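Peer 1: Here are the chains, one letter per residue:
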Amino acid sequence: MGVGIKSRIATLRLREQFKKYNLAILLIVFIIVASSLSNKFFTISNLFNIIQQSSVVGIITLGMTYVILVAGIDLSVGSTAAFSGMVSTILISQHLPVIMSIVVAIFAGAIIGLINGWFSSYGGLPSFIVTLATMVAVRGATFILTNGTPIYGLSSGFTFIGTGTIGQFPISGAIWIIITLVLLIISKYTGYGRNLYAVGGNPEASYLSGIKVNFVVLIAFTISGILSAFAGILLASWLTVGQPTAATGVELNAIAAVVLGGTSLFGGKGGILGSFIGVLLMAVITNIFNLVGLGSYYQSVFMGVIIVGALMMNKYLVGEKS
Amino acid sequence: MNKDILSMKSVTKCFPGMKALDNVDFSVCYGEVHCLIGANGAGKSTLMKILTGVYSRDSGEIVFKGNKVNFSSPREARQNGISIIHQELSLVDNLSVAENIFLGQNNNFKTVNWRHLYNESRSVLQSIGMSTIYPKELVSNLSIGHRQIVELAKAVALDAKLIVMDEPSATLSGAEYATLVRVIRDLQRKGVSIIYITHRLNELFDIGDKVTVLRDGKVVATQRLTDTNHDELVFQMIGKKVSNQKVIRNSQVDAQRAVLEAQSISTKVIKQLNIKLHAGEILGLYGLVGSGRTELLRVLYGIDQPSSGRVLLNGQPVKLKSPRAAIKKGMALVPENRKLQGVILGLNIWMNATVVPSRDFVKYGFLRISDIRKQVGGMMKRLNIKASSSNTLVGNLSGGNQQKVVLSKWLLKKTSIFLLDEPTQGVDIGAKEEIYRLIYSLASSGNSVIVASSDHEELIHLCDRILVFYDGEIVKEFIDLDEASAKILESAVVGR
Chain A
1 MGVGIKSRIA TLRLREQFKK YNLAILLIVF IIVASSLSNK FFTISNLFNI IQQSSVVGII
61 TLGMTYVILV AGIDLSVGST AAFSGMVSTI LISQHLPVIM SIVVAIFAGA IIGLINGWFS
121 SYGGLPSFIV TLATMVAVRG ATFILTNGTP IYGLSSGFTF IGTGTIGQFP ISGAIWIIIT
181 LVLLIISKYT GYGRNLYAVG GNPEASYLSG IKVNFVVLIA FTISGILSAF AGILLASWLT
241 VGQPTAATGV ELNAIAAVVL GGTSLFGGKG GILGSFIGVL LMAVITNIFN LVGLGSYYQS
301 VFMGVIIVGA LMMNKYLVGE KS
Chain B
323 MNKDILSMKS VTKCFPGMKA LDNVDFSVCY GEVHCLIGAN GAGKSTLMKI LTGVYSRDSG
383 EIVFKGNKVN FSSPREARQN GISIIHQELS LVDNLSVAEN IFLGQNNNFK TVNWRHLYNE
443 SRSVLQSIGM STIYPKELVS NLSIGHRQIV ELAKAVALDA KLIVMDEPSA TLSGAEYATL
503 VRVIRDLQRK GVSIIYITHR LNELFDIGDK VTVLRDGKVV ATQRLTDTNH DELVFQMIGK
563 KVSNQKVIRN SQVDAQRAVL EAQSISTKVI KQLNIKLHAG EILGLYGLVG SGRTELLRVL
623 YGIDQPSSGR VLLNGQPVKL KSPRAAIKKG MALVPENRKL QGVILGLNIW MNATVVPSRD
683 FVKYGFLRIS DIRKQVGGMM KRLNIKASSS NTLVGNLSGG NQQKVVLSKW LLKKTSIFLL
743 DEPTQGVDIG AKEEIYRLIY SLASSGNSVI VASSDHEELI HLCDRILVFY DGEIVKEFID
803 LDEASAKILE SAVVGR
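Taken in sequence, the protein lines are chains A and B. With this note's numbering, letter number 235 in the first sequence gets 235, and the count goes up by one each step, no holes. Going from the second sequence to this note's numbering is simple: count from 1 and add 322.
Mixed in with the good hints, there may be bad ones.
Once the Cα atoms are required to be at most 30 Å apart in a straight line, the calculated DSBU-like pairs of lysine-lysine come out as [said to hold, decoys possible]:
#, chain 1, residue 1, chain 2, residue 2
1, A, 212, B, 341
2, A, 269, B, 661
3, B, 483, B, 331
4, B, 736, A, 315
5, A, 212, B, 532
6, B, 809, B, 598
7, B, 809, A, 212
8, B, 736, A, 188
9, A, 212, B, 651
10, B, 650, A, 269
11, A, 212, B, 650
12, B, 685, A, 269
13, A, 315, B, 661
14, B, 651, A, 188
15, A, 269, B, 708
16, A, 188, B, 708
Calculated from the structure, these hints are not laboratory results. As the structure is a computational prediction, the values presented were derived from the model and not from experiment.
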């Protein structure tokens, strides 16, 4: 019997290990599947393409991760992205300097984030409702800006950010990776980052320990607003057009990626790295669909099935009965 | 042999890196109150979770009412006649007593017969002699003691033959406890068997027939309570002798220096309270739940704002708008409810121990993690926190160790006024001694401590002076603690 117990402890250890790296393992599995389905997958251009396509939703997902870590949710990210994309392109089409246009557009996103954050913390409302309201209102405001018409003819200085490359590596992808690293370091090695987890894990204990709970939440939403705005600008730059319908529904992709990445919707658990891999995972799956020529309607159906399937498999493999 | 309702044989269970239960034999007779005791982490809850199907066992067998059983969920155990009452009660606050008693028995596809529901609840409550509880009352309006009774009624309504009670008395006042004992006796007479888990050893002799002691996942002894005594049980639980005597200390109260003073503080609950806390003093606040002791601490710590009165620190009036402001003035709170207010279960020890914002831990905006971990490691040694490292999740620690983590966050912050609300609730006897010793050493190094507790023996053991609360007022001050041990209970119940 002693041997039985030892081997049982060994399998439990293995489970712990698996729990730690499960997401990376899943990503590798999908990459192997992808490369066996199509020999085009492992080409430089395809891989860089994946990164380029992921960078917009990837950046939004990073902000979403902070919000979800404090047990909030931000449904307004898509609308914020569209609004800031429009603001930046309008200003550029009025011949304002690129940098200035971008700063103004990001500032607009920060304001939206502040509003979301204030009502969800000091205001005492559930963030689901607050951001649902801003999602609708900001989308409306986006249409009002140009009466619904897109903005073309953007300067090459602006479109370079979204379409340019360093060597062959897309600039937008590089930006995404840099922001990921910055947010990762903040969350792991600064007082604010630690407070994100404390507030999400137990707001009451955090308050009694002297953490400014409301402030921490406010800043998380503001960061989400800023990053959504930046992602929206990047999208406009990449598509070389400002569209009021841009980034519709991107909030759902972002939330899915965060959850796939192992962050708990109840807050306090998970992190930036998981979300980064979560976005990559979804991008690889989409890429597989495209490479095998699956129609977009079918893609949606399969994506939904795969997300739930992956989460269930994860739960089954690592989850103890509790 | 046949008179055992339950017998568990050689039950073994492993968790990652540890053996939680090692060949445990445990059996309960029909109509018996069998107590289960042991330090935190001894395996009591694991054993009960295996019995009720929350965990699966690695080996061993369970025989219930003569049949081998293998419950895969608490629901299945319940259907077979085993009910468990957890320390954190599982009642739905916003439903009525009647709905709670029959919770889980409603068929989703049938309409509710309200009259029947209320009548049935009334007869269940009557059968345990508690017809004073009104079935239509919302559970949120009941006292803690009555909620406990509703939990019992729930088990009775399910026709449970074996009821597991996990520390039912931890939050009860004296009168409520007496009611609980009476109800348990009633159930026993009806042939119901009870497994009673507690940390309060004196209770065992009131209630129990037999006691089983667990230590480190093994059964140390099973014996009739008439064949043993308090000291022997303690010895069995912790494997060494603990002196029952009060630790002799030189109390160094500086009666000239009031560090914290409350002048005619009132809120909804408390009325015109005046207290003074001196340098080096351990001041006890005694009273039943709801008597105002927790409410006073909340005001002193800046959580609630008083409707009138003022707080003075070192003779200076201060306005404490938040816990953050109180912390800045050197105050610390160990809250009443450890899991909800004290620790962050999902974070590890060092993160919990350094959750109080402090400049000491930050350099150029970044956490000095290696330095923090060194300090926390030292604190873990000083407080004897049992964990493999400071990376261990606090949720995996026992109650006593969790409480030490809460204390360590204030020790690392270097505070001088400690407000402790029920600091040893749900803490095992070994850890309790350690916490007492820590409180002594805090006071003798010049800090001031307020301890609020519903355990009068604890306060008499610890304090220099005890204030008794009754209905929002201070009704008695005990400076002579011998007098206190004779009269404190009376004065908290009677209000004089």
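Peer 1: All hints are to be evaluated individually against the structure, with a verdict given for each.
Peer 2: To see whether the hints hold, each was checked on the structure:
| no. | hint | result |
| --- | --- | --- |
| 1 | A/212 to B/341 | violated (41 Å) |
| 2 | A/269 to B/661 | holds (17 Å) |
| 3 | B/483 to B/331 | holds (20 Å) |
| 4 | B/736 to A/315 | violated (42 Å) |
| 5 | A/212 to B/532 | violated (51 Å) |
| 6 | B/809 to B/598 | holds (22 Å) |
| 7 | B/809 to A/212 | violated (44 Å) |
| 8 | B/736 to A/188 | holds (25 Å) |
| 9 | A/212 to B/651 | holds (16 Å) |
| 10 | B/650 to A/269 | holds (29 Å) |
| 11 | A/212 to B/650 | holds (13 Å) |
| 12 | B/685 to A/269 | holds (25 Å) |
| 13 | A/315 to B/661 | holds (25 Å) |
| 14 | B/651 to A/188 | holds (29 Å) |
| 15 | A/269 to B/708 | holds (24 Å) |
| 16 | A/188 to B/708 | holds (25 Å) |
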